[in-house]
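*Asks:* Here's the letter readout for the chains.
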Amino acid sequence: MSGGAKLDRRRLLQRGAAVAGAALLGGCEELSRRPFVKRILDSAEVLTRTAQRAVLPRKALAREYSEADISKEFKANGSTNSNDPAYLALAAGGFADWRLKVGGLVEQPLELSLADLKEMPSRTQITRHDCVEGWSCIGKWTGVPLKHVLDRAQLKPPARYIVFYCADDLGETGSEAGKYYESIGFEDACHPQTILAYDMNGQPLPVPHGAPLRLRVERQLGYKMAKYVMRIEAVEEIRTIRGGRGGFWEDLGYEWYAGI
Amino acid sequence: MGPAAFVMRKVEVVYRHSWLVRLTHWVNALVLLVLLMSGLQIFNAHPALYLGSKSDFDHPVLAMNAMQTDGEFKGVTTVLGHSFNTTGVLGLSSGSHGGYQARGFPSWATLPSYQDLSTGRRWHFFFAWLFLFNGLAYLIWTFASGHLRRDLSPTGTEIKHIGASIAEHARLKFPEGEAAKRYNVLQKLAYLAVVLVLLPLMLATGLTMSPGMDAAFPWLLEIFGGRQSARTIHFLTASGIVLFVSVHLVMVLISGVWNNLRSMMTGRYVVTLPEGES
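Chains V and P supply the protein sequences, listed in that same order.
Here the working numbering is used: the first residue of the first sequence is 1, the next is one more, and so on.
Here the working numbering is used: the first residue of the second sequence is 1001, the next is one more, and so on.
Hints in this document: simulated from the structure, not taken from any laboratory.
The model shown is predicted, which means the values in this text are computed figures rather than measured ones.
Even for Gly, the Cβ is constructed at its ideal location relative to N, Cα and C.
It cannot be assumed that every hint is accurate.
According to the in silico footprint, chain P covers these stretches of chain V (three or more CB under 8 Å from chain P) [claimed, not checked]: (1) 43-57; (2) 68-76; (3) 159-165; (4) 223-236.
Just some of the chain P residues that point at chain V, by a computed CB distance under 10 Å [said to hold, decoys possible]: (5) 1047; (6) 1119; (7) 1178; (8) 1179; (9) 1183; (10) 1209; (11) 1213; (12) 1231.
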């Protein structure tokens, strides 16, 4: 090998390394904004969901803990209240006039009071709440398994998703467009630990944790577990709802499948 | 010195790295860099670590915070109850558009540079899959081809003389001639620790942070002592890999950088043999 060729190769290597470094650091950021890169990165979500569904038996339970494990301080994240006058009026009345509306693709639309929900079969579970930010808290939840409510409403066959509409305006738009909402698939909706919780740690669900009713989906991250639930709708497609990705945080770029 | 001291040396080119090792090495280097930087982005969403199943917010084992004392903002890093002023790097540093802001790791270390957890997660999980496929290809080949037994497993003699090898490395004296054709014992042990312990540990602790995987494989929580412990081990293991890569890069630089780089790109490594050795 001649000296010149050697030098060229060195220069090429140096330049290549410099370009690769710059492309990686600056480029990834720039790339993150391109729709086709988003689509490529999003493909990992499909892979993750498919892989987890493959190894996770339908009815496999999330770990349940003992009373001694319950967090002394359970962090209330996201909205810690609602500024909706209608909600505040309900809260002032101890939620006596609150009704959970169940509709969409159902044979029998429902309006259920807290007393109605408490008369239905209940489940109590001490579970770990994993926030997408990285922290975990353990709490005891009592509520009615979602399946009982859906069975009473009788889903129509095309229903594939259950959507939860909430009272909190996390988007701070002052309109319905900023209100929290979430959706889960049929498999999670029928999971025994998926409950509509009205009690937390043996007390009525406090306002910062979503009074009077919040969803628990124990095999996914915290943001799936909608607080201040006002209305449940069974739908065939979530693409036509709001941002089209199936939830408040999902519309801002988070994964719809939050099992990881 | 007179001409009599001139020793004739013979140069031999050996084929040191197979194509699969070279390919998976560079893919891994890129993938680990993206995983590290997007991982730090994810860490920044809650820059504190805990032990056990849940977060005891008052007693983190490590935390990076911005604090205000006497009207002045400081970046404070707390490790096992001991606090350090880390202003400018950890806890408080310049944002991607200037101006100090509260953030765990600084913007130059995270992907994206600005605070954006959801984008950090997208990059992290996409590259985690690449990491898995690349790692599996490497491990299957390493076991099946005999690379593990032939090139990476230290011999009994090597283990016995490990003290001498450490002393040689400490004096930055590297094996020459015939011995340079093989990995030395410290290299073997370091590479084995990384490919069989640290990298699989990254994957396992990462999966233990997934509520879905915990329901599928509850024993993951037993092995690592809970989700928050797994998160802490994930962080420490990543730190261990950063340490390895740092030492690795220094070694590559001081033990013949062009020869090392060429061998990891073309496979060919030049060994200088003293006359009569070959």
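*Asks:* Are the hints correct? Go through all of them and say.
*Replies:* Evaluation of the provided hints:
no.	hint	in the structure
1	43-57	holds (count 9)
2	68-76	holds (count 4)
3	159-165	violated (count 0)
4	223-236	violated (count 0)
5	1047	9 Å, holds
6	1119	5 Å, holds
7	1178	24 Å, violated
8	1179	25 Å, violated
9	1183	23 Å, violated
10	1209	8 Å, holds
11	1213	7 Å, holds
12	1231	6 Å, holds
The structure is inconsistent with the numbered hints 3, 4, 7, 8, 9, although it conforms to all the rest.
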